[in-house]
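Trainee: Spelled out from the first residue to the last, the chains are:
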Amino acid sequence: MRVDHDELLVPAKGKGTYEITNEVQEKIDKSGVRNGTVTIFVRHTSCSLTLMENAAPAARRDLERFFEKLVPEDADYEHDDEGSDDSTSHIRMVLTRTSETIPIVDGKMQLGTWQGIFLFEHRRASHRRRIQLTIMGE
Amino acid sequence: MRVDHDELLVPAKGKGTYEITNEVQEKIDKSGVRNGTVTIFVRHTSCSLTLMENAAPAARRDLERFFEKLVPEDADYEHDDEGSDDSTSHIRMVLTRTSETIPIVDGKMQLGTWQGIFLFEHRRASHRRRIQLTIMGE
Amino acid sequence: MRVDHDELLVPAKGKGTYEITNEVQEKIDKSGVRNGTVTIFVRHTSCSLTLMENAAPAARRDLERFFEKLVPEDADYEHDDEGSDDSTSHIRMVLTRTSETIPIVDGKMQLGTWQGIFLFEHRRASHRRRIQLTIMGE
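Chains as they are written, first to last, in the working numbering: chain Y, 1 to 138; chain A, 1 to 138; chain X, 1 to 138.
Simulated from the structure, these hints should not be mistaken for lab results.
Model, not experiment: these values are computed from the prediction.
Heads up, some of the hints might be wrong.
So the derived list for chain Y, only partly shown, Cβ under 10 Å to chain X, looks like this [as the list claims (entries may be wrong)]:
no., residue
1, F41
2, T98
3, R123
4, S126
Built from N, CA and C at the ideal position, the CB exists for glycine as well.
Working from the sequences, and respecting the hints, build out all of it.
Mentor: So this is what it looks like as structure tokens:
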């Protein structure tokens with residue numbers, strides 16, 4: 001058993017979902033761990049992580065529209081130091097995920113057929129997002 | 001330290017919550033790991049995982065009704081290839097959980113008194129759902 | 001590789017967010033694990049876990065107000081054995097998190113600059129909350 005750490009840098013160009021499934025798998029391939037888990041951890045509070053249907057972009061657009069309505073930018077927030085997407089970003093992050101742990105069997109993440117891993121960016125501006133990967137196993 | 005993988009198949013008969021606490025504990029008993037963690041990972045994007053109060057079925061009915069209102073089937077979704085429960089299923093999945101990691105001490109999951117583990121099915125139709133378990137420890 | 005278990009007891013004085021970042025780091029320091037992960041697991045169904053912006057208290061007040069509106073106490077719930085905060089507590093827990101796994105590198109959790117770890121209490125009354133920590137690594 002061992003622990004490998006690695007990092008993904010994701011260039012997010014404003015609000016939306018950005019698939020990182022292949023990038024995570026490549027890091028697992030590089031580590032050589034065949035049997036264990038990968039923990040994906042987003043090091044931010046204004047973007048988050050989600051697994052999502054990866055075949056139909058329309059499903060992701062519905063998801064993004066849902067969050068625009070559920071946590072609208074034009075509601076009456078107290079915290080808006082960084083603009084109208086400030087508190088909404090944190091709340092959308094809380095409603096989704098920061099860490100996911102995914103099993104690795106025979107060197108491959110055990111994702112279902114339609115599961116993709118996505119960075120969910122909640123800020124309007126572009127950001128280079130840091131995702132920590134911890135690969136544990138043998 | 002070692003890693004054991006196992007799988008649960010859960011026959012879900014339409015929307016609702018299905019308790020899997022005992023089934024997960026049985027897989028831990030079988031693995032013989034006394035001290036570590038179990039990672040529970042749902043391999044789907046139209047059902048999810050949640051911990052929930054396991055004594056009062058009324059609490060679960062309130063939860064299910066809440067999600068019917070928060071993410072209604074009759075909203076105006078772009079993605080409905082598989083019916084009116086298509087985009088709602090994915091959004092409900094995103095709002096809940098896909099993976100949970102639970103400590104194992106002396107061979108038992110360290111759940112609180114009222115915590116049960118549930119598959120949260122978001123589809124109307126019956127499905128046999130696949131849940132991957134990774135038991136890590138000694 | 002080894003597994004250490006520990007526990008945090010958090011005195012929550014009613015609804016709100018309570019930061020536990022330093023307390024978790026102290027347990028990691030005590031364990032001596034330099035390289036691995038910590039899994040934080042809340043053993044309750046009426047409070048939960050969240051990562052959140054830890055510098056601006058206004059951001060946390062916006063978060064708390066958002067949940068008061070999204071899952072109001074005065075909606076028509078079937079389950080209210082323990083008062084008007086009964087079903088709302090469980091639903092707010094489901095919408096947030098019960099477990100988080102955070103990488104440890106060189107003895108430190110790899111949190112981003114603004115990330116704090118918080119217990120999110122959903123009950124009006126005071127409770128002493130139990131959080132299980134599992135530190136895995138070398």
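Trainee: Under the criterion of a CB-CB separation shorter than 10 Å, is T98/Y in contact with chain X as hinted?
Mentor: holds (5 Å)
Trainee: Tell me if F41/Y is really an interface residue toward chain X, meaning its C-beta lies closer than 10 Å to one of theirs.
Mentor: Hint holds; F41/Y Cβ to chain X Cβ min 6 Å, cut 10 Å.
Trainee: Interface hint check: S126/Y, Cβ to nearest Cβ on chain X, cutoff 10 Å. Holds or violated?
Mentor: violated (17 Å)
Trainee: Given R123/Y as an interface hint, is the shortest Cβ-Cβ distance to chain X below 10 Å?
Mentor: R123/Y check fails; min Cβ-Cβ to chain X is 13 Å, beyond 10 Å.
Checked against the numbered hints listed earlier, the structure breaks hints 3 and 4; every other hint is satisfied.
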